[in-house]
Structure formats: structure tokens, C-alpha cells
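These protein sequence lines are chains Z and R, in that order.
All residue numbers for the first sequence refer to the working numbering, where the first residue is 136 and numbers rise by one.
All residue numbers for the second sequence refer to the working numbering, where the first residue is 136 and numbers rise by one.
Hint data in this document are derived by calculation from the structure and do not stem from the laboratory.
All values derive from a computational prediction rather than experimental measurement.
Be careful, since some hints might not be right.
Any copy, or any two copies together, can satisfy a pair, since identical chains are not distinguished.
Okay, derived cross-link-like pairs now, EDC-like style, lysine to aspartate or glutamate, Cα gap no bigger than 16 Å in a straight line [claimed, not checked]:
id, residue 1, residue 2
1, Lys244, Glu225
2, Lys394, Glu560
3, Lys460, Asp478
4, Lys385, Glu569
5, Lys487, Glu594
6, Lys327, Asp190
7, Lys138, Asp422
8, Lys549, Asp367
Protein chains: 2
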Amino acid sequence: MEKTAITPTRGQNYPEWYQQIIVAADLAENSAVRGCMVIKPWGYAIWELMQQDLDKRFKKTGHVNAYFPLLIPLSYLEKEAEHVDGFAKECAVVTHHRLVPDEVNVGLKPDGELDEPFVIRPTSETIIGESFSKWVKSYRDLPLLINQWANVMRWEMRTRLFLRTSEFLWQEGHTAHATKEEAVAETEQMLKVYAAFAEDVLAMPVIQGEKPCFERFPGAVNTYCIEAMMQDCKALQAGTSHFLGQNFAKASGIQYQNKNGELETAWTTSWGVSTRMIGGLIMTHSDDNGLVLPPRIAPQQFVIQPIYRNDEQRAQVLAYCQQLKQDLEAQVFAGNEIRVHIDDRDIQGGAKSWEWIKKGVPVRIEVGMRDIEKDAVMVARRDAVGSKQSTPRAELLTSAIALLTEIQDGLFSKALEFRNSKMREINSLVEFNEFFAGENNIDSGFAIAYAVDETGIEEFIKPLKVTARCMPLDNNDVAGVCIFTGKLASKKMVFAKAY
Amino acid sequence: MEKTAITPTRGQNYPEWYQQIIVAADLAENSAVRGCMVIKPWGYAIWELMQQDLDKRFKKTGHVNAYFPLLIPLSYLEKEAEHVDGFAKECAVVTHHRLVPDEVNVGLKPDGELDEPFVIRPTSETIIGESFSKWVKSYRDLPLLINQWANVMRWEMRTRLFLRTSEFLWQEGHTAHATKEEAVAETEQMLKVYAAFAEDVLAMPVIQGEKPCFERFPGAVNTYCIEAMMQDCKALQAGTSHFLGQNFAKASGIQYQNKNGELETAWTTSWGVSTRMIGGLIMTHSDDNGLVLPPRIAPQQFVIQPIYRNDEQRAQVLAYCQQLKQDLEAQVFAGNEIRVHIDDRDIQGGAKSWEWIKKGVPVRIEVGMRDIEKDAVMVARRDAVGSKQSTPRAELLTSAIALLTEIQDGLFSKALEFRNSKMREINSLVEFNEFFAGENNIDSGFAIAYAVDETGIEEFIKPLKVTARCMPLDNNDVAGVCIFTGKLASKKMVFAKAY
Numbered sequence: 136m137e138k139t140a141i142t143p144t145r146g147q148n149y150p151e152w153y154q155q156i157i158v159a160a161d162l163a164e165n166s167a168v169r170g171c172m173v174i175k176p177w178g179y180a181i182w183e184l185m186q187q188d189l190d191k192r193f194k195k196t197g198h199v200n201a202y203f204p205l206l207i208p209l210s211y212l213e214k215e216a217e218h219v220d221g222f223a224k225e226c227a228v229v230t231h232h233r234l235v236p237d238e239v240n241v242g243l244k245p246d247g248e249l250d251e252p253f254v255i256r257p258t259s260e261t262i263i264g265e266s267f268s269k270w271v272k273s274y275r276d277l278p279l280l281i282n283q284w285a286n287v288m289r290w291e292m293r294t295r296l297f298l299r300t301s302e303f304l305w306q307e308g309h310t311a312h313a314t315k316e317e318a319v320a321e322t323e324q325m326l327k328v329y330a331a332f333a334e335d336v337l338a339m340p341v342i343q344g345e346k347p348c349f350e351r352f353p354g355a356v357n358t359y360c361i362e363a364m365m366q367d368c369k370a371l372q373a374g375t376s377h378f379l380g381q382n383f384a385k386a387s388g389i390q391y392q393n394k395n396g397e398l399e400t401a402w403t404t405s406w407g408v409s410t411r412m413i414g415g416l417i418m419t420h421s422d423d424n425g426l427v428l429p430p431r432i433a434p435q436q437f438v439i440q441p442i443y444r445n446d447e448q449r450a451q452v453l454a455y456c457q458q459l460k461q462d463l464e465a466q467v468f469a470g471n472e473i474r475v476h477i478d479d480r481d482i483q484g485g486a487k488s489w490e491w492i493k494k495g496v497p498v499r500i501e502v503g504m505r506d507i508e509k510d511a512v513m514v515a516r517r518d519a520v521g522s523k524q525s526t527p528r529a530e531l532l533t534s535a536i537a538l539l540t541e542i543q544d545g546l547f548s549k550a551l552e553f554r555n556s557k558m559r560e561i562n563s564l565v566e567f568n569e570f571f572a573g574e575n576n577i578d579s580g581f582a583i584a585y586a587v588d589e590t591g592i593e594e595f596i597k598p599l600k601v602t603a604r605c606m607p608l609d610n611n612d613v614a615g616v617c618i619f620t621g622k623l624a625s626k627k628m629v630f631a632k633a634y
Numbered sequence: 136m137e138k139t140a141i142t143p144t145r146g147q148n149y150p151e152w153y154q155q156i157i158v159a160a161d162l163a164e165n166s167a168v169r170g171c172m173v174i175k176p177w178g179y180a181i182w183e184l185m186q187q188d189l190d191k192r193f194k195k196t197g198h199v200n201a202y203f204p205l206l207i208p209l210s211y212l213e214k215e216a217e218h219v220d221g222f223a224k225e226c227a228v229v230t231h232h233r234l235v236p237d238e239v240n241v242g243l244k245p246d247g248e249l250d251e252p253f254v255i256r257p258t259s260e261t262i263i264g265e266s267f268s269k270w271v272k273s274y275r276d277l278p279l280l281i282n283q284w285a286n287v288m289r290w291e292m293r294t295r296l297f298l299r300t301s302e303f304l305w306q307e308g309h310t311a312h313a314t315k316e317e318a319v320a321e322t323e324q325m326l327k328v329y330a331a332f333a334e335d336v337l338a339m340p341v342i343q344g345e346k347p348c349f350e351r352f353p354g355a356v357n358t359y360c361i362e363a364m365m366q367d368c369k370a371l372q373a374g375t376s377h378f379l380g381q382n383f384a385k386a387s388g389i390q391y392q393n394k395n396g397e398l399e400t401a402w403t404t405s406w407g408v409s410t411r412m413i414g415g416l417i418m419t420h421s422d423d424n425g426l427v428l429p430p431r432i433a434p435q436q437f438v439i440q441p442i443y444r445n446d447e448q449r450a451q452v453l454a455y456c457q458q459l460k461q462d463l464e465a466q467v468f469a470g471n472e473i474r475v476h477i478d479d480r481d482i483q484g485g486a487k488s489w490e491w492i493k494k495g496v497p498v499r500i501e502v503g504m505r506d507i508e509k510d511a512v513m514v515a516r517r518d519a520v521g522s523k524q525s526t527p528r529a530e531l532l533t534s535a536i537a538l539l540t541e542i543q544d545g546l547f548s549k550a551l552e553f554r555n556s557k558m559r560e561i562n563s564l565v566e567f568n569e570f571f572a573g574e575n576n577i578d579s580g581f582a583i584a585y586a587v588d589e590t591g592i593e594e595f596i597k598p599l600k601v602t603a604r605c606m607p608l609d610n611n612d613v614a615g616v617c618i619f620t621g622k623l624a625s626k627k628m629v630f631a632k633a634y
């Protein structure tokens with residue numbers, strides 16, 4: 136059997152493989168704080184690239200950033216009944232505002248009890264709604280298009296790095312509109328922004344769809360989502376966009392005077408993606424040798440490893456590498472300067488190579504004296520571990536962008552092919568039960584079946600540990616018979632085991 | 136008397152003027168959450184520019200970003216005795232992790248009491264130290280150069296937007312080094328990075344200095360700071376850089392094996408600037424007509440106001456404006472594309488102009504049909520309200536960068552002259568008491584006097600509501616007689632009333 140850098144392999148133990156990828160690529164670690172993670176520099180650099188790219192897309196669609204308080208008064212949260220029900224069980228609650236010496240135990244204890252407790256924001260609809268109610272007065276103030284980059288907290292009992300943590304980083308868009316149509320259009324637009332980002336930058340194919348009623352965001356009228364398939368065939372919700380109707384606008388009193396001077400209630404939306412996407416990125420592309428990063432989201436796209444035996448050689452090789460770095464950085468890939476790092480640390484070459492392989496860097500380049508003599512370099516692609524090829528320097532430079540593009544597109548195609556091969560149309564409950572019979576999802580995948588958008592159908596799928604992911608937006612216009620109820624269902628639904 | 140856009144003026148009521156500037160420029164507002172502010176889009180855009188510029192400087196000096204938990208276990212905070220004393224009185228404490236229906240009062244109450252309470256980070260030395268103790272094993276792992284962009288919380292009783300809020304945004308650098316010398320060099324380097332940023336980007340002159348012992352960060356060996364003078368002659372600490380010695384490294388167990396295989400304790404530093412700097416920016420440059428922004432920190436450097444009477448004119452004027460915008464944006468000022476906004480909102484022209492004046496935009500441009508006929512535009516500079524000048528379009532384009540540079544430099548020179556005019560060498564306690572006799576600082580300023588760096592001298596200055604700001608690093612090598620104790624003091628110290 137071939138030796139792999141990651142133990143166990145995906146096939147041996149997928150959940151453990153996932154944890155080991157994170158360790159091997161040095162992305163994050165658990166902290167002593169229940170369910171909160173430390174995002175390490177390589178993991179955070181990926182998040183920064185996600186932020187930069189998304190932020191541009193948000194601004195291009197007319198949104199501006201702002202910042203709202205971390206703490207939410209209990210009374211705000213209570214304003215929207217479904218909303219508070221949805222989050223009450225997982226709220227970190229601040230009850231005191233100082234510490235005093237504890238006479239009984241050595242140490243400190245909370246003091247200064249607050250009249251009204253605060254919760255650490257699990258999401259900010261209610262606190263942002265409070266501001267919006269002051270900011271919106273006339274139809275001229277609409278649409279109000281705001282985004283916030285922030286940390287949020289949902290007290291989780293079972294946590295997994297990136298996928299489910301008590302604290303996570305995210306962006307939350309919050310918008311207010313004069314009409315229902317505009318708010319729905321905004322909700323759909325942002326879903327498309329997320330889908331384009333996921334596919335074009337993360338090379339992660341997604342299904343755009345609408346959540347069934349029992350999977351909606353607490354307080355929303357409609358929830359749209361993008362769903363990706365991981366390599367264990369489970370679904371990962373990678374982003375959501377909510378049409379909130381007038382529910383939150385009524386709860387917070389977001390009203391405006393229309394052109395005729397009449398008072399109307401606004402329509403609002405919210406939408407978010409989080410550090411969870413890093414989990415999705417990992418599980419879409421990585422292999423048994425470590426993380427695999429699509430070039431557009433790789434903190435370094437090329438890592439150059441100089442090889443030399445003495446100081447004299449070192450000077451010559453490093454000068455060559457620096458020129459190469461400079462020539463690569465002068466080129467623009469997908470709107471940004473190519474990112475190049477020279478790794479001149481004094482560690483053994485093999486260990487060094489494997490470190491960058493495990494970190495998922497798209498292209499490694501080795502430069503030694505013999506290469507320089509030929510004015511060539513050794514090029515190794517992460518998407519084909521083991522293949523290392525001598526390439527004339529000039530050729531590398533002229534083909535660098537094509538190379539990154541090829542890797543980026545290749546990863547997307549591979550992920551798309553995999554997903555499509557694991558999607559099946561299901562026409563009966565018997566077939567459905569068979570499809571999801573195994574303990575793991577790995578032999579099943581996404582089931583596509585007609586199902587009514589009604590509470591009650593969860594009862595058929597819960598025993599199988601399956602969830603209804605969404606009703607796809609594309610190619611889903613023909614009605615059919617619901618496999619659970621026998622009623623006429625207007626849409627097909629995607630079902631899967633999920634993160 | 137000349138009518139001003141801001142009431143009251145600086146002379147009439149400086150603290151209230153400050154609040155009104157923030158309202159007029161739409162920068163931020165108080166929230167219903169005690170002491171927490173909402174940073175509105177224009178204020179947040181300034182913060183984003185600060186972040187981008189500082190982040191580049193941090194990365195250029197070898198630092199990488201990471202992210203650590205929001206919550207700190209009480210036991211961590213307790214590890215460093217001075218540190219916990221310094222922050223215990225202002226900590227938001229999380230004691231519960233869910234909400235349940237309150238049978239007595241309608242609503243919810245905290246439930247799920249935690250075994251150990253958490254505090255919301257007031258600063259992250261202790262939680263980051265915990266990670267560092269795991270990350271650092273050998274001298275090869277050093278220096279460890281980390282920065283975090285985050286929100287922090289210090290429960291403040293008296294708050295003022297940007298200057299003192301319970302929650303604020305900041306960056307906190309945390310580094311670990313093998314030797315004391317390297318750690319001290321890092322502390323000094325980051326102080327210089329802050330000073331360069333403050334002066335070059337914010338056009339805010341600062342004094343670099345060392346805090347006297349009684350003003351140090353809790354747990355630090357040395358605290359360095361940059362101190363700026365506001366227009367009411369009060370001091371504002373705009374950034375700090377701490378040499379932490381081995382205090383936190385010992386408390387957290389950050390140890391490494393040196394080249395000889397012996398275990399040694401690391402030396403650490405921390406350094407930070409926050410949204411407080413926006414307060415400093417406001418009070419350095421703004422006037423009685425609103426905010427004044429140095430071009431390098433202005434979210435928009437040019438705002439173009441099209442003027443027309445009908446749809447036909449509108450098409451022509453807008454096309455002209457768009458071309459102008461494009462031509463300006465093609466130019467690079469201080470490393471970034473020039474930022475230009477066309478304001479085509481359907482509101483009255485005078486109101487529109489005043490809005491941008493109050494928001495501090497460096498240059499406003501008006502374009503009407505008569506201007507287009509001459510291929511000229513009306514140019515109005517924020518640093519000279521009232522002066523509006525017809526300028527040939529071609530001339531504006533060739534001089535745009537020079538114009539922004541001139542405004543940037545002019546604001547710095549003006550602020551520097553003001554500060555220097557308000558600094559006085561003080562040679563006796565009598566003179567010192569006289570200097571600070573008034574209720575306001577406005578007739579005094581910064582006093583520079585010999586003083587020993589010893590606890591006890593605060594007692595002389597407290598009754599005057601004066602604080603010791605720092606011992607300047609520059610031109611401060613000659614000893615003299617302490618005006619408080621008569622002892623020989625090795626350094627001069629700056630004293631001022633302060634924010």
C-alpha cells in the first residue's frame with residue numbers, strides 16, 4: 136500500500152482524517168475555552184483571502200460595512216418570538232460587570248450584577264434592527280445595504296474545528312427595502328454572490344436552493360442556501376440568505392414614509408457565510424497527503440525551495456530565486472499579484488517539501504545549482520503529488536497564469552464530477568430508505584426526490600439521520616408525487632446526511 | 136459672527152462640539168447597550184482604511200494574523216497578579232450558557248450556570264500566552280510574530296464615542312523572542328510603526344515616549360506610547376507598545392530549548408491601537424464646519440456633484456463626471472487608486488455640499504453645463520471652506536496628486552505648529568501649578584519638566600487633574616532636577632490633562 140502523509144486516510148476514518156488535515160496544515164486548534172478554536176496563521180490567511188474577495192463582491196453590489204455591539208439586551212432578543220426560540224438554548228449570557236476577590240476560594244468571583252443580562256450575539260438581526268429603526272425615516276433612505284464582519288457565539292455541545300464551534304467569525308449582511316420584490320431580489324442576488332464565490336474562488340460546486348419550511352432561519356419567511364458535497368458524500372451548508380419579510384421590521388419598528396407621505400413597514404433580508412466555509416474547502420479538495428488549496432484561495436501560490444551546499448552556492452541560488460519570485464509577482468492572476476514565498480529555512484529538504492504539500496500550496500519550485508546551469512527549475516504540482524518536472528525558467532514564467540488557472544479549473548471539475556456521480560433521483564420511499572441504509576453516507580450521497588414543503592416529512596427522514604437540504608432553484612419547475620405523502624409536490628428536494 | 140455648520144463651536148463647548156462632529160459626519164452613535172457604540176458606515180470606512188494601512192506595515196515587519204477566543208477563563212486571567220488587578224474592575228463576565236422561560240416575569244432568564252465563569256477579553260495576553268506555550272518549543276520557533284484584529288471589552292462607567300467605549304475594535308500584536316534585546320527591539324520597532332502611521336497617514340503629530348512606572352500596562356516591564364495633542368490641548372494616547380519582560384512568559388509557561396538544548400523562558404511584547412484613534416483624528420483636524428479628513432484616510436478623496444436642469448443636461452453632465460472619475464481613479468496617490476464618488480442624489484445642491492463638507496471630504500468638485508463648455512470644473516478644498524475655484528479639467532487631472540499631497544502635508548504642518556505652540560518647558564513646581572491652574576487645558580497644553588520616574592509624583596499632579604504622559608525618546612539625554620522631589624531626574628517628562 137502506498138504510504139500517505141496523513142494517517143488515517145479518508146477511507147479508513149473520514150472524521151479523524153479531517154482533524155489530522157487541520158493539524159498537518161497547521162490551520163487551527165482547539166482551545167481550553169469550551170468549543171472555541173484558535174485560528175492559526177495559515178488558517179487565518181485563508182480566511183483573510185475569503186474576506187477580501189467577498190468584501191469586494193459586497194461593495195460591488197452596493198453594500199457598505201458597519202459595526203454593531205457584541206452584546207444584545209435580553210429584551211431585544213425577545214422581540215421576535217420564533218427567533219428567540221431558535222437561539223435561547225445556545226446563548227452565552229453576561230450577567231456581571233466586574234470581578235472581586237473571592238473570600239471562600241482563593242481567586243476572583245463575578246460581582247456587579249446587571250439589571251438586565253446581555254447575550255453575546257448569536258446573530259445580529261435584533262440589535263441591527265434597533266439601529267435601522269432610527270436610520271430609516273423616508274423612502275429616500277431605502278434600500279439600506281449594510282454588512283458586518285464580526286465574531287458571533289452559539290454555545291455548542293459538540294464542536295468540530297471550523298464546522299461547528301461556539302465562537303466563529305462571519306459576515307452578516309442586513310438590508311432593508313421599500314418593497315417585498317426588492318427584498319426578495321436582494322436575497323436572491325446575495326445567494327448568487329455566494330454561489331459564484333464558492334465555485335469560482337473555492338472551486339467548490341454548490342447547489343443553490345430554498346430550505347423547506349422546517350429548516351428555515353428562526354424568524355425568516357424564506358431561507359435560501361448553497362449546499363456543497365463533501366468527499367464523504369455528506370452535505371455542508373456553506374452560506375444562507377434569508378428573506379425576512381416584515382417579521383423583524385415589525386419587531387424592531389423599521390418604518391418609512393412613502394412618496395405619498397404614508398407610513399409603511401420595511402422589508403428586510405439577512406445573509407451570511409462564516410469560517411465554516413474553511414471546513415467545506417478542506418473537505419472538498421484535500422487528499423490523503425494533506426490540504427489541497429485552489430490557487431485563488433491559497434495564501435501562497437508558489438513556494439520556492441532553494442537548494443545549496445555552501446555559502447557561495449547559497450548566494451547564487453538565492454539571487455536566482457529572488458529574481459524568479461519578483462518575475463512571478465509581477466504577474467496578475469485572478470485580479471491579484473501572484474503570491475510567492477521563498478522558504479530558506481535551515482531544515483531538511485524532504486521535510487520542507489512535505490510541509491508545503493500538507494499545507495496545500497498549489498505549486499512548489501525547487502532550485503539548485505544544476506537547475507540554474509540549465510536556467511530551469513523543478514516544478515511540482517500539488518494536484519499531482521509525485522510528479523516533479525524540470526521546466527525552463529522562461530517557460531514557467533510565460534505559463535504561470537495558465538498553470539494556476541488549470542489547477543483551479545481542474546479542482547472544480549474534479550469536485551463537480553464527484554458530486555454529480557453521487558447524486559441520484561429517487562422515486563419512492565423504499566428506494567429512499569435503501570439509499571440511506573448504511574451507517575455512513577459514503578455509499579449514498581445526495582438523493583433528489585419529490586417532496587412537499589410541509590412540516591411532517593422530517594419524521595420520515597430523521598430515523599435515517601438524513602436531513603432535507605433544499606429545493607434546488609434550477610431545473611425544478613415540474614411538479615411530481617411526494618415520495619413521503621403521495622401528495623402533489625411542486626418541487627424536488629435534495630436530501631442528504633449533513634454536517 | 137460667521138455662521139458655522141457645527142453648533143456649538145470648539146471655543147463655545149469643546150466636548151459638545153466633539154459629539155456634534157460625530158453626528159454631523161455620521162460616524163457613530165450610542166447604542167442601547169451600556170457604553171457600546173454603533174460604528175456607522177462613514178466611520179467604519181475610516182477604520183477600514185486604518186486597518187488596511189496598518190496591516191500592510193505589520194506584514195512588512197514580518198507579522199502574521201491569527202485569531203484567539205473571545206472568552207477567557209477566569210483562571211487564565213488570574214495567572215499574572217498585576218494584570219488581573221488592572222482589569223478585574225471592568226470585566227464583562229459570562230456565567231450562563233442558555234436562556235429558559237422565566238415563570239415569574241414574562242420573558243427569559245439565564246440558565247445553565249458555568250462551572251468556571253469566562254470574561255470577555257479586555258486584552259488577550261493570557262489567552263494568547265496559553266497558545267504560545269504550546270507553539271514555542273525550540274529557538275527555531277522564535278521569534279513568534281502574531282497580530283490579531285478583534286473586538287475587546289472593558290466595562291467603562293463614563294463613555295464617549297470612540298474615545299472610551301465598553302466595546303471597541305483594535306489590533307493587538309503579541310510576540311515572543313529568545314532574548315531580552317530582541318523583545319525590546321520589537322517593542323521599539325512597533326512604536327515607530329505606530330508613529331509613522333499616525334504622522335504620515337493621519338497627519339497627527341505624536342510624541343514617542345516611555346510611560347512612567349505608575350502608568351504602565353498592568354504586568355508590563357516598560358510601556359511605550361505615542362501621545363498626540365488635541366485642539367483643546369489635551370493629550371490623547373493613540374497607541375501603546377509594551378515590553379512584557381518574562382512576566383507573562385512565566386505566567387503562561389512560554390519556554391524554549393536553546394541551541395545547547397537548555398530550557399529557557401521567552402521574552403514577550405504586546406502592542407495595540409484601537410478605534411480610539413478615530414477620536415484622535417477627529418480632534419486633531421476638524422473645525423467648526425465639521426470633520427476634516429487628511430486625504431490618505433478619507434473614504435472618498437474627491438466627491439463630484441453633477442449640476443443639471445433636465446434629463447438632457449443630466450445625461451451630458453453625468454457622462455462628463457464619469458469620465459472625470461475614471462481619469463482620477465487611474466491615478467495612484469500614496470500607494471492606492473484615488474477614491475472618487477459621484478453624488479447624483481436628487482437633493483438640493485447646497486445641502487449636498489454641506490453634507491460632504493461636514494463629512495470631511497478633502498476635495499469637492501461641481502460640474503454644470505457652463506463648466507463643461509469651458510472644459511473646466513469648480514474645485515473646493517475642505518481645508519479652505521468658502522474658496523471655490525474654476526479649474527481647467529486637464530489641470531485638475533495633472534495636479535490631482537499634488538493637490539492631495541498638499542492638503543495632507545498642510546494638515547500635518549498645521550497640527551504640528553499648533554502642538555509646538557502649546558508645549559512649554561517648566562522649571563519649577565510653582566510654574567507647573569500656574570500652567571495647569573485653569574479649569575480647561577485650552578490655555579495651557581503640554582508641560583515638559585524634569586521628573587523622577589517614581590511612584591509618588593502622581594500625588595503632586597492629581598489635584599490639578601493632570602497626568603504624566605511619557606518620557607520622550609528624542610532629545611532627552613541630559614539629566615536635571617526633578618521639579619517635584621528635587622532629586623536628580625535622568626529624563627524630562629511630558630504632563631498634560633488627557634483623554
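Tested hints:
1. Lys244 x Glu225: between (23 Å within a copy, 13 Å between copies)
2. Lys394 x Glu560: neither (50 Å within a copy, 63 Å between copies)
3. Lys460 x Asp478: within (11 Å within a copy, 42 Å between copies)
4. Lys385 x Glu569: neither (46 Å within a copy, 59 Å between copies)
5. Lys487 x Glu594: neither (52 Å within a copy, 59 Å between copies)
6. Lys327 x Asp190: within (14 Å within a copy, 30 Å between copies)
7. Lys138 x Asp422: within (13 Å within a copy, 70 Å between copies)
8. Lys549 x Asp367: within (15 Å within a copy, 64 Å between copies)
Going through the hint list in order, the structure does not satisfy hints 2, 4 and 5.
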